[in-house]
Amino acid sequence: MTLLLPSVVALPLISAVLTFFLSARMGRKVSEISVALIALSFALTTLEFWSAIRGWEGRAEIVLGGWLTLFRDPLSAILAWVIAGFSLIVHVYSRRYMADEPGYARFFILLNLMTAALLVMVSASNLILLLIAWHFVGVLLYLLLGQDLHSRPAQRHAFTTFFTYRLGDLPMVLAAALLFHAYGTWSLTEIFARLGDTPQTTAFGLPLPVVVGFLIALSAFARSAQFLVHTWLPYTMNGPTPVSALMHAGIVNAGGVLVNRFAPVYVHAGEILHLMFVVGLFTAIVGSVLMLTQHDIKKSLGYSTMGQMGFMIMECGVGAFSLAIYHLIAHGMFKGTMFLNAAGVIRSARRDDGVPAEDLYTFIVERQVARRRRPWLAMAIFTLTVPAVILFLAHYFVEQAFMEKQGAVILLFFGWMTGAQLIFATYHMRAENPLRLFSLILVSFTIVVIGYSAIAHTFDLYLYPDEAFRKALYTAAGVKLIYFDVFVALLAAVIVLGWIFTYYSERKRLPAPVWSRRLRGMFYATVSREFFLGDVYARTARAVIGGAGRINAMLGWR
Amino acid sequence: MSSDLALLAGAALLLPLFPFSILAVAVFERIGNGTLRSLLLLVCLLPGAAVLDRAGFIPPDWMLAWAMLTAVFYAWRAVALQDARLWVVFLAVSSGALLWAGAGHDGLLWKALGLGLPLAMMSVLVELIERRFGAAHAGMDLRLATAAPKLSALFVAALLAVIAMPVSPSFFTMLALVVDQSRLSAPTTLAILGCWILWSWSAARLFAGIAVGPRRERTDDIPAGLARIYGAGFVGLGATGIVLGGMLL
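So the protein lines, in turn, are chains D and L. The letter at position 248 of the first sequence is residue 248 when you use the UniProt record's numbering, and the numbering goes up by one with no holes. The letter at position 24 of the second sequence is residue 24 when you use the UniProt record's numbering, and the numbering goes up by one with no holes.
There's no promise every hint is true.
To be verified - The list that follows gives simulated cross-link-like pairs (lysine to aspartate or glutamate, DMTMM-like), each with its CA atoms no further than 25 Å apart:
hint	chain 1	residue 1	chain 2	residue 2
1	L	K150	D	E101
2	D	K471	D	E190
3	D	K471	D	E404
4	L	K150	D	D100
5	L	K150	L	D220
6	D	K471	D	E271
7	L	K150	D	D197
8	D	K29	D	D73
Keep in mind that the hints were calculated from the coordinates and are not lab data.
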């Protein structure tokens, strides 16, 4: 069984080599080799995942020699399974999708190498091996996004991605160097063990876990498109659709994976978890706002991913590490399907949109709202209380002590707001039988919440079976109880008053004041220009290149 | 004392610090033969490192700062370059200056080899392009990817090796330099990382300028046999990198 994981990694590599040597002889048929070997790899990861579910005692290491050491743990088992699965789907899809494109064999070689690099990245138990895989993912993505060598825009956007990834690679190099200096080993198992024994070790005058945690977080931010280093993500759509699918379904999630891998560091770096919470929350909000204001559907999808990545990092920030893994897998499945389906949906929608002319259609497409309304105050109270009760009960039945975890309470607020938004939207819908509609919506919401809570809890037990460690993560992410209570009270008050005001102003049709309309206009202009960040970066790059050019000319190019 | 100074001056010429670097660039740029240029690159870096290593010299802070400024200065200037030959020379100067960060630490000679080998291979490839197209210049609209796919693939491999991507020897060398400095000097560490990112930036610009562009007629690609030899050379370079990594880290 110990050779299962190395075989999983080796198969895509063998596939890449075979494709390289046989492509001239086999032509397009060479992709069959790739598909077959990736399918085999997926089958092996399924076996590995199955044995992990049936119960592994913690974490084991497979030593192949030198730096070639892999973790055999629940995290690597589930992620390898997901990566091999996504990769198989993308391989099968690409066989026909890329058939008329030049560089067919090159594409499959790169895809195979990317699969291997991702598999190594999630299972590497040696810092050097992890660094190699991490760097490879960046450069392979650059080459995949720039698959069309004749398109200058595709190359330009591939370069933006490459540069951002390089920016993110270097903090990790520094983190690795600091860890090696402190503990004299590249083995993550040994590093985590010694770090637990001596968390007071310092670097640059600060506790080592805090410095390393910060550097790892920076790497994760760049790879998972957090605010300020997000501009590459929405512009990567010039690459082939299968690459977009793979990227949005898997590669962009690397930040969450990295943070989970370094979870033992974050137990001693609560400050960095707080930073992650703020950055993630801000990214989630900005990504969602930008998504809603795009006219280009592909960019809109890109910003949607950014918002989701923000949420994933925020989950890590509140100590819900396993939830971030669940989130990235669920989001990957959802977004990957969307990308792979996009072309087919657009083609069929040109003939017929396929949306039945029912309540949902009149509400969403025709934007017709219900004429008869329920009493606004009652509806506001209903909107606020019902989701809160459902959420509380669902979590309570899954884990009674969930209220002790500050992170879980924070995440409940998001569920609460989502539920309230759902009921608010339902309130506006025109329906022949409103009671039936509300019942169906509430049942759906309840099922989603129960499912989410149960799966999240299962993930927690699967990825972090040690209860003390789970508790330590939540504790590290927590703040002083008094601050937390004040924060929660304020947040609850804002939400309650906000919803009541929304219902009230809707009902009374209160006109927006002039200053508010102006402010909204300015905000919209700023958002539609994506906060001018792209312009700032482009101008900075031009200044750097221009300055270098002037100095070169001045020194006679010497 | 005087012999120490002489050694130091020799090292400052061979691992050129600004303004000695101006002289080095002028000499290298004038050498038309790529193989000779490659040899000279190695000849400069290896003896330079040997001199520093032999003297057991640990550069004082001001000198390390001078070396790092030279390294970053040339890495930054390389971003604006369009000529591949000059780019190799600028990166060689930047790499040579970076080696000062390894002075006083183990394996300086291996580090010089790690940074020099990919540059030497790149230099030979640049000559191949120059022979076929007249120049390896990003402003010439070469569109190498369609004009000469095999040469283009080798060019990409060489670029990646020079900018210290795994498993090139330069990757392990850069990592070893960061390890050497990370607990000693934050500014030196940042300079090494800064060079790394600037090299990547300049390489991506060079790649986009030389290899990418609308489809054009396939012209004068290298023969398959030669491509295989160079390919094997890159596989060897990767293997060297892994061995070197084992020694340095």
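(request) Would you check the hint for D:K471 and D:E190, treating anything up to 25 Å between C-alpha atoms as holding? (result) Satisfied, since the Cα-Cα distance of roughly 22 Å is no more than 25 Å.
(message) Please verify whether L:K150 and D:D197 have alpha carbons no more than 25 Å apart.
(response) Given that 25 Å is the threshold and the Cα spacing comes to 53 Å, the pair is violated.
(message) Check the hint pairing L:K150 with D:E101 against an upper bound of 25 Å on the C-alpha distance.
(response) Between L:K150 and D:E101 the Cα gap is close to 18 Å, so the pair holds against 25 Å.
(message) Given the hinted pair D:K471 and D:E271, is their Cα-Cα distance within 25 Å?
(response) holds (17 Å)
(message) Next pair to validate is D:K29 with D:D73; report whether the Cα-Cα distance is within 25 Å.
(response) With Cα atoms ~36 Å apart, D:K29 and D:D73 exceed 25 Å; violated.
(message) Check whether the Cα positions of D:K471 and D:E404 lie no farther apart than 25 Å.
(response) Distance of about 10 Å is within 25 Å: holds.
(message) Between the alpha carbons of L:K150 and D:D100, is the straight-line distance 25 Å or under?
(response) Since the Cα atoms of L:K150 and D:D100 sit roughly 21 Å apart, the hinted pair holds (cutoff 25 Å).
(message) For a C-alpha distance cap of 25 Å, please report whether L:K150 and L:D220 respect it.
(response) holds (10 Å)
Of the numbered hints stated above, those contradicted by the structure are hints 7, 8, listed in ascending order.
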